[in-house]
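Enquirer: Sequence:
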Amino acid sequence: MTDTAPPNLLLSTDSRLVIIDVQDRLLAAIDGADAVVSNCVKLVTAANRLGVPVAATEQNPTGIGPTTSVLAALIPHTFGKSHFSAARQADFLAWAAAGGTILLAGTEAHVCVLQTALELKALGLRVAVIIDAVGSRTEASKQAALDRLRFHSVELVTVEMVLFEWLERYDRPEFKELLRLIK
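The sequence shown: position 56 = 55 (numbering that gives the first Met the number 0), numbered continuously.
To be clear, the hints were calculated from the coordinates, so they are not data collected in a lab.
All of these numbers come straight from a predicted model, not from anything done at the bench.
Where hints are given, some of them may not hold.
The calculated label-pair distances, taken between Cβ atoms and stated as ranges, are [as the list claims (entries may be wrong)]:
#1 ASP33 with PRO6: 31 to 39 Å
#2 PHE174 with ALA71: 36 to 44 Å
#3 HIS151 with PRO172: 36 to 44 Å
#4 GLY62 with PRO5: 31 to 39 Å
#5 THR61 with LYS182: 24 to 32 Å
#6 ASP170 with GLY31: 20 to 28 Å
Positions of the beta carbon are idealized from the N, C-alpha and C atoms, including for glycine.
Working from the sequences, and respecting the hints, build out all of it.
Expert: Next comes the structure, spelled out in structure tokens:
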């Protein structure tokens with residue numbers, strides 16, 4: 000048995016986390032917004048603890064406002080955008096393409112998350128969408144987005160899948176601390 004993880008697992012050493020458009024004015028209309036924000040906080044907290052690069056995007060920040068404060072305080076870099084797909088923003092694309100699997104969370108699943116995921120995948124990047132950390136105004140729109148992402152072979156994962164794959168082992172010093180995020 001080897002101690003090397005298979006290439007299809009999500010590794011903390013080969014991931015980048017993107018929180019898409021979790022802005023207060025958008026959140027007001029999102030079905031299950033509290034759960035989306037809570038799960039995004041868990042992801043960002045774990046990413047920061049494990050050294051995973053994290054960034055946020057903001058759709059029209061001058062008109063819609065910034066990333067919600069509980070997340071903004073934890074995220075070191077934010078990319079403003081005018082396109083729905085963050086992949087159309089040169090600065091974001093350079094950051095995303097710098098290496099690793101791109102993990103997407105945020106809003107709206109059927110607009111900005113979907114378009115970003117499909118464009119990054121078309122560019123040859125490995126992309127995973129964290130299904131319990133994305134939201135839309137309606138459950139039907141979220142489900143349609145997830146169905147379409149699955150059809151286009153974008154990986155669909157959960158917060159717990161990401162955290163346990165990033166951790167890899169129970170005897171890491173960060174394990175107990177990050178386990179508290181799940182419980």
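Enquirer: Each of the hints needs a verdict: does it hold here or not?
Expert: Status of each hint after checking the structure:
1. ASP33 with PRO6: 31 to 39 Å: Holds - the Cβ-Cβ distance for ASP33 and PRO6, about 35 Å, lies within 31 to 39 Å.
2. PHE174 with ALA71: 36 to 44 Å: violated (27 Å)
3. HIS151 with PRO172: 36 to 44 Å: Holds, since HIS151 and PRO172 (Cβ atoms, about 38 Å apart) stay within the stated range.
4. GLY62 with PRO5: 31 to 39 Å: violated (44 Å)
5. THR61 with LYS182: 24 to 32 Å: violated (39 Å)
6. ASP170 with GLY31: 20 to 28 Å: violated (35 Å)
In the structure shown, a violation is registered for the earlier hints numbered 2, 4, 5, 6, in ascending order.
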